[in-house]
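Visitor: What follows is each chain in one-letter form.
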Amino acid sequence: MSDPATTGRLDVRKTYKLFVGGAFPRSESGRSYQVHSKGGDLLAYAARASRKDLRDAVKAARGAFAGWSGATAYNRGQVLYRVAEMMEGRAAEFADEVASAEGLRRARADAVVSAAIDRWVWYAGWSDKVAQVAGAANPVAGPYFNFSVPEPTGVVVTLAPQESSLLGLVSVLAPVIVSGNTVVVIASEQRPLPSIVLAEVLATSDVPGGVVNILTGTTAELAPVAAGHMDVNAIDLTGAPAADRAALERAATGNLKRVLAARDREQWTDTPTLRRLMATLEIKTVWHPAGI
Amino acid sequence: MGSGKSGKKNTPAGVADVGVVAEGVVDTDGAAWEYAPAPESRDIVTIAPEYGLFINGEFRPSAAGRTFATINPATGEPLAKVAEAGPADIDHAVAAARAAYENAWGPMPGSERAKYLFRIARVLQERSREFAVLESIDNGKPIRESRDVDIPLAAAHFFYYAGWADKLDHAGLGPAPRPLGVAAQVIPWNFPLLMAAWKLAPALAAGNTCVLKPAETTPLTALLLAEVCQQVGLPSGVVSVLTGAGETGAALVTHPDVDKIAFTGSTEVGKQIAASAAGTPKKLTLELGGKAANIVFDDAPVEQAVEGIVNGIFFNQGHVCCAGSRLLVQESVAEAVVDRLKHRLQTLRVGDPLDKNTDVGAINSRQQLDKITELTAAGEAEGAERWSPPCRLPDTGFWFPPTVFTGVSQSHRIAREEIFGPVLSVLTFRTPDEAVAKANNTPYGLSAGIWTDKGSRILWMAQRMRAGVVWANTYNRFDPTSPFGGYKESGYGREGGRHGLAAYVDV
Chain A
0 MSDPATTGRL
10 DVRKTYKLFV
20 GGAFPRSESG
30 RSYQVHSKGG
40 DLLAYAARAS
50 RKDLRDAVKA
60 ARGAFAGWSG
70 ATAYNRGQVL
80 YRVAEMMEGR
90 AAEFADEVAS
100 AEGLRRARAD
110 AVVSAAIDRW
120 VWYAGWSDKV
130 AQVAGAANPV
140 AGPYFNFSVP
150 EPTGVVVTLA
160 PQESSLLGLV
170 SVLAPVIVSG
180 NTVVVIASEQ
190 RPLPSIVLAE
200 VLATSDVPGG
210 VVNILTGTTA
220 ELAPVAAGHM
230 DVNAIDLTGA
240 PAADRAALER
250 AATGNLKRVL
260 AARDREQWTD
270 TPTLRRLMAT
280 LEIKTVWHPA
290 GI
Chain B
0 MGSGKSGKKN
10 TPAGVADVGV
20 VAEGVVDTDG
30 AAWEYAPAPE
40 SRDIVTIAPE
50 YGLFINGEFR
60 PSAAGRTFAT
70 INPATGEPLA
80 KVAEAGPADI
90 DHAVAAARAA
100 YENAWGPMPG
110 SERAKYLFRI
120 ARVLQERSRE
130 FAVLESIDNG
140 KPIRESRDVD
150 IPLAAAHFFY
160 YAGWADKLDH
170 AGLGPAPRPL
180 GVAAQVIPWN
190 FPLLMAAWKL
200 APALAAGNTC
210 VLKPAETTPL
220 TALLLAEVCQ
230 QVGLPSGVVS
240 VLTGAGETGA
250 ALVTHPDVDK
260 IAFTGSTEVG
270 KQIAASAAGT
280 PKKLTLELGG
290 KAANIVFDDA
300 PVEQAVEGIV
310 NGIFFNQGHV
320 CCAGSRLLVQ
330 ESVAEAVVDR
340 LKHRLQTLRV
350 GDPLDKNTDV
360 GAINSRQQLD
370 KITELTAAGE
380 AEGAERWSPP
390 CRLPDTGFWF
400 PPTVFTGVSQ
410 SHRIAREEIF
420 GPVLSVLTFR
430 TPDEAVAKAN
440 NTPYGLSAGI
450 WTDKGSRILW
460 MAQRMRAGVV
470 WANTYNRFDP
480 TSPFGGYKES
490 GYGREGGRHG
500 LAAYVDV
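Just so you know, the sequences run in chain order A and B.
Residue numbers for the first sequence follow numbering that gives the first Met the number 0, so the first one is 0 and each next one is one higher.
Residue numbers for the second sequence follow numbering that gives the first Met the number 0, so the first one is 0 and each next one is one higher.
Calculated from the structure, these hints are not laboratory results.
Glycine included, every Cβ here is placed at the ideal spot set by N, Cα and C.
Check each hint, because a few of them may be wrong.
Computed beta-carbon distance windows for the label pairs [to be verified]:
1) A68(B) <-> G141(A): 34 to 42 Å
2) S455(B) <-> R54(A): 34 to 42 Å
3) G141(A) <-> D298(B): 47 to 55 Å
4) P48(B) <-> R54(A): 54 to 62 Å
5) G454(B) <-> G102(A): 55 to 63 Å
6) Q189(A) <-> N102(B): 42 to 50 Å
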């Protein structure tokens, strides 16, 4: 933070807010919490989202689902690629955020940001290929044309990784939305600021409002509400507190959410597999008689 | 797969199908022809007075000595006493499955596993009539369906997945697919042998070992399948069959040494199983209930659509999770379609499951009959109009006539709850958008039917159905190569095809 005594100018600090339905509201609860750097300095106040904010975000995600899942795969791929373009332009800002959030040296933070940008590019390319990998033409024993296609499961709540505030976040977010799902992300509780900068990128990247919604706040407070929400189709428990995982899985059975279970020690720098992309897909099989 | 039903021509009253021998005459309002009974012989099947559990390659009584009766739903008479598996038996079977997984089935080359599965498929074909008769006796379904659908499809499933056993590396599921271990598989009573095949074939192909729990009202064909496993020389413990009711199933799926749970049954029980598996490393797939919309547009060929409606809801007495239990018919043709449907239903033959003329057999159990009776009473109480064709039901056993409700609204219980019986709820719509909204207005998402002559509308509708299987201008078709399973509260995971393998491998 620049010192006015040496620069002659007082810097303009950012207010970090939620990202819901394409807008940046504060929490309806009026609550906020302090965010500290890895070294313990106060970085900013973040909004502390409430249960009501979560429900509003789910509603926004549901509202965006028809349009986003109905967009062509080519279109979704371009939108995701556009996110990478926008991030590239703000790479320095992301590096600053990641460095202070995660306590990384600058060179390491730069590498993390580059990897996060490349991850968008990798997933962008999957948009119009996953149906060819996950779909099928099925040779049934009868006069029928029969094919299977993957479709997005619907509204997904993602508990973002607690440690990796940007690369981890992108690594769990991109595979969910590339196929047409819409998402409510509950950001890393202690390291939420990169997620809000990402929200600012998403807001200027042709991602329709409501496709991605990002909440900052207390994971343990919001996660059970998400797991029990009857209009959420899937939940990714990656960032769930270890002690809460079983209870969250149990709560998710109320409407049989698809659950992506938490795995310990995920290496976000590794090349991804298709596990995350496949976890929020449904397979639909269509039959039609063949005849004259 | 109601091929038999669709194959039967909807003949106008007074015009006989070529080859049909009519004993009597059709009365003027189109009631059923009189046919001489044509019963399938029971001689091919020997039902033992008592059956044990099949554990570690041999039949044995349950450790606690408990038994229960399985009855013939068409007569209400007991068929046999069957052992009820308790905790000690489950421990024994799971331990045998673990040992077989580690020592025999797991290390075995896929090409050898394949040959065992091909053998099972072949013996099912060889003994198909025996299985069909036994299935109809124990379940109550018409012999025409068990003979033409259940048993051939069960054999086909083993044949299909046998071929995958040595090709898993090429399935595109991941770089090094591995089996999960011991699978606990709990199946329902509506397609007893077929559901056993859907569970066992992909699990075994992928190298897992299995403990199968058939439904308490229909254990006999699973036990005959166990005998087939012995006959083909399947190593001991690779497949065990534990008979019992819900308590046995619950104890099996919560056993700590189970790696994988596969369940087909009600959404209510599916949620309980999912909750019991929460926080454990067990993998879970669920194939649960449904409340499918069968949607008929005004340009649909009415005769074909009516056959599809009949096949959709009266196939297997409506004991089908993907049954087309909500008929959504476009308002402009609703009256004509319902009239034609009622006319057609007067020719449905309800009665002896072993009679080859029978279209609709017995309700599987007293409990299920009570549920159907209760829900249809609610349909009347809530104001829907009830109709059944005139038909004589047998005096003993469990029976329910084909029933159609018209004037049904979306809020009625018969439009929301799975009845699992021969009961159709008719609703109407005006626009395609309204059809989509009504079809998807359910927590279930297993299947849907679309009837229209317009190709672009079929594809438009198919894209918008939030359901795992969409039948367009057909209904209730099944095939081992075709993935089957639900969206939303109809469960998760797929059975059939390449996708069905994914439920049984770790990648």
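Visitor: Now, for every hint given, state plainly whether the structure supports it.
Guide: To see whether the hints hold, each was checked on the structure:
1. A68(B) <-> G141(A): 34 to 42 Å: holds, 39 Å
2. S455(B) <-> R54(A): 34 to 42 Å: holds, 38 Å
3. G141(A) <-> D298(B): 47 to 55 Å: 25 Å Cβ-Cβ, so the 47 to 55 Å window is violated.
4. P48(B) <-> R54(A): 54 to 62 Å: holds, 60 Å
5. G454(B) <-> G102(A): 55 to 63 Å: Holds: the Cβ-Cβ distance is about 60 Å, inside 55 to 63 Å.
6. Q189(A) <-> N102(B): 42 to 50 Å: holds, 49 Å
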